[in-house]
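Student: In case you want the letters, here they are:
2 protein chains.
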Amino acid sequence: MNSEFFGRWSAGVLDRVEQALDAWVPANAPAGLGDAMRYAVLDGGKRLRALLVQAAAEAVDASASTGGVDAAMRAACAVELIHAYSLVHDDMPCMDNDVLRRGKPTVHIRFGEAQAMLAGDAMQALAFEVLTPDGVVGSEQVEPGVQARLCRLLARASGQSGMAGGQAIDLASVGQSLDEQTLRDMHHRKTGALLRASVQMGAACGGVQDSSPVWAALTAYGEAMGLAFQVVDDILDATQPSDTLGKTAGKDADANKPTYVSLLGLEQARSEADALLAQALEALAGSGLPAARCQPLVALAHRIVNRDH
Amino acid sequence: MNSEFFGRWSAGVLDRVEQALDAWVPANAPAGLGDAMRYAVLDGGKRLRALLVQAAAEAVDASASTGGVDAAMRAACAVELIHAYSLVHDDMPCMDNDVLRRGKPTVHIRFGEAQAMLAGDAMQALAFEVLTPDGVVGSEQVEPGVQARLCRLLARASGQSGMAGGQAIDLASVGQSLDEQTLRDMHHRKTGALLRASVQMGAACGGVQDSSPVWAALTAYGEAMGLAFQVVDDILDATQPSDTLGKTAGKDADANKPTYVSLLGLEQARSEADALLAQALEALAGSGLPAARCQPLVALAHRIVNRDH
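Just so you know, the protein sequences line up as chains A and B, in that order.
Mapping of the first sequence onto numbering that gives the first Met the number 0: residues 0 to 308, in sequence order.
Mapping of the second sequence onto numbering that gives the first Met the number 0: residues 0 to 308, in sequence order.
FYI, nobody ran anything at the bench for these hints, they're computed from the structure.
Incorrect hints may appear among the rest.
Said to hold, decoys possible - Not the full set, but computed from the structure, chain B residues with beta-carbon under 10 Å of chain A: (1) Glu3; (2) Gly6; (3) Ser9; (4) Val16; (5) Gln18; (6) Ala22; (7) Ala35; (8) Tyr84; (9) Pro143; (10) Gly144; (11) Ala154; (12) Ala156; (13) Leu170; (14) Arg188.
We treat Cβ as the ideally placed atom computed from N, Cα and C, and that holds for glycine.
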């Protein structure tokens with residue numbers, strides 16, 4: 000897939016994801032709650048998780064499964080809702096105390112702390128609402144078994160064994176000299192779990208079973224990308240100016256938080272990112288999936304590892 | 000069912016619920032997160048929501064459905080996890096700023112605000128993890144369709160159209176003179192939605208379909224009990240001393256929050272509670288369910304309306 004084709008593919012996906020989020024995040028939730036939720040999730044970010052869901056769904060041809068297209072859009076929006084809620088809570092004064100995100104005031108600055116906490120809570124619930132649509136009878140209904148499986152994958156990636164657990168380790172790690180294994184465990188949960196789950200959820204939309212080689216290959220791809228994402232994040236934090244990143248560079252180092260760069264050095268961190276890219280591509284190549292269908296996943300892997308912000 | 004029999008029934012249920020929560024809320028979640036989660040949910044409260052799930056499951060004989068007993072225990076624990084997380088977040092300084100709950104320091108006092116927020120977030124995720132067990136193959140597996148339906152009911156009761164939405168109205172209502180309809184809408188969402196969902200989830204464990212008269216009857220029971228619970232709460236808040244309630248009496252009135260008592264007067268509020276009890280019992284009597292199986296629901300309705308704390 001050349002970059003022009005990938006550009007078209009991702010633009011189409013992003014357009015549909017924004018439309019779906021716009022439809023599913025309610026404007027009419029009571030007492031300003033809907034405004035806070037929409038502020039937090041619409042028009043924001045690179046939608047990397049949604050792209051991974053959609054690319055994995057394309058790799059396994061989810062459109063051939065009953066309700067697979069709808070399932071993949073629901074899964075893409077659900078992971079974005081979880082990601083967005085985690086940022087809202089993360090930005091609050093008792094956590095990172097950030098006042099700006101993507102150049103806009105953070106949710107608690109704009110709507111107050113109580114509303115920000117409630118909006119985050121409601122966004123987590125909404126993710127599971129989106130995954131379990133009310134019974135649409137007909138050929139396009141997402142199969143109940145797929146709904147349950149998507150909830151299972153998302154809940155485990157979001158909770159104590161995933162994102163929330165990683166944030167707890169992060170919280171406890173400030174000023175500590177973490178060893179490499181603890182650092183990896185933290186990132187494996189904090190960002191890796193949801194990135195991996197995005198790929199798995201896309202695969203689940205195509206009915207790929209846990210025991211199949213395709214599931215194992217896509218899981219390996221998701222694992223590698225989850226880790227690579229964080230390694231590159233640490234490299235960019237150490238090397239790029241704030242205005243390129245759209246956030247305060249060097250913040251982790253200033254807060255004395257351990258990073259892959261502080262632990263491995265810049266050169267070794269860069270080698271690790273390249274090795275993870277190679278692992279991910281190798282997993283895809285050995286998956287038995289048609290190469291043409293894997294092109295969005297291949298392109299995303301290159302983007303994740305070679306991005307400059 | 001005489002009160003001795005109900006006492007035995009509820010003691011048995013509560014014992015099994017505590018054991019299940021003890022098994023499912025992880026002690027080994029990282030960096031103290033598991034301790035905070037367990038502190039927040041174990042050994043706490045009257046478990047009214049779990050009792051409603053189990054009583055409704057008994058009314059529809061969920062034990063006759065594949066995996067129905069396991070489903071009903073998972074549903075009971077999931078609603079308790081949602082309820083417990085909402086209390087953790089509600090108690091935080093940006094919300095009600097409570098330092099004691101059931102005579103113990105609140106979670107943020109004991110573990111810090113950041114850990115309390117994360118514990119609440121992880122407890123919400125855990126509720127959905129509990130509802131979607133990893134594939135246990137065999138006759139006791141909860142059917143995927145039931146798993147998806149339980150997630151659907153719980154997510155809608157927890158999010159913007161339910162509990163979180165009600166909390167947003169509550170937040171916006173301090174010092175406002177709410178009219179009766181807004182007050183009812185607030186409580187309908189804030190506490191009513193999860194109580195109603197508890198009854199519905201119990202019914203779903205027995206495979207009762209949305210379109211059936213039994214579903215309608217149990218929904219009516221759940222609606223009436225959701226509202227009655229709050230009316231009685233307001234009556235107790237206005238009439239009982241703090242040491243009987245185990246919380247600060249008169250707090251809502253002091254905060255200038257509207258209540259059923261401030262709106263309707265004590266006598267009218269009491270009549271309303273009695274009328275809701277009659278409605279709930281009538282719904283059960285007309286449900287076509289065997290009266291013997293409905294005894295726990297009948298006893299719970301009396302408890303909710305005639306409790307003294």
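Student: It remains to establish, for every hint, whether it holds in the given structure.
Tutor: Okay, the hints, checked on the actual structure:
no., hint, verdict
1, Glu3, "40 Å, violated"
2, Gly6, "35 Å, violated"
3, Ser9, "29 Å, violated"
4, Val16, "20 Å, violated"
5, Gln18, "20 Å, violated"
6, Ala22, "14 Å, violated"
7, Ala35, "8 Å, holds"
8, Tyr84, "8 Å, holds"
9, Pro143, "4 Å, holds"
10, Gly144, "4 Å, holds"
11, Ala154, "4 Å, holds"
12, Ala156, "9 Å, holds"
13, Leu170, "5 Å, holds"
14, Arg188, "7 Å, holds"
Comparing the model with each earlier hint shows violations of hints 1, 2, 3, 4, 5 and 6; every other hint is respected.
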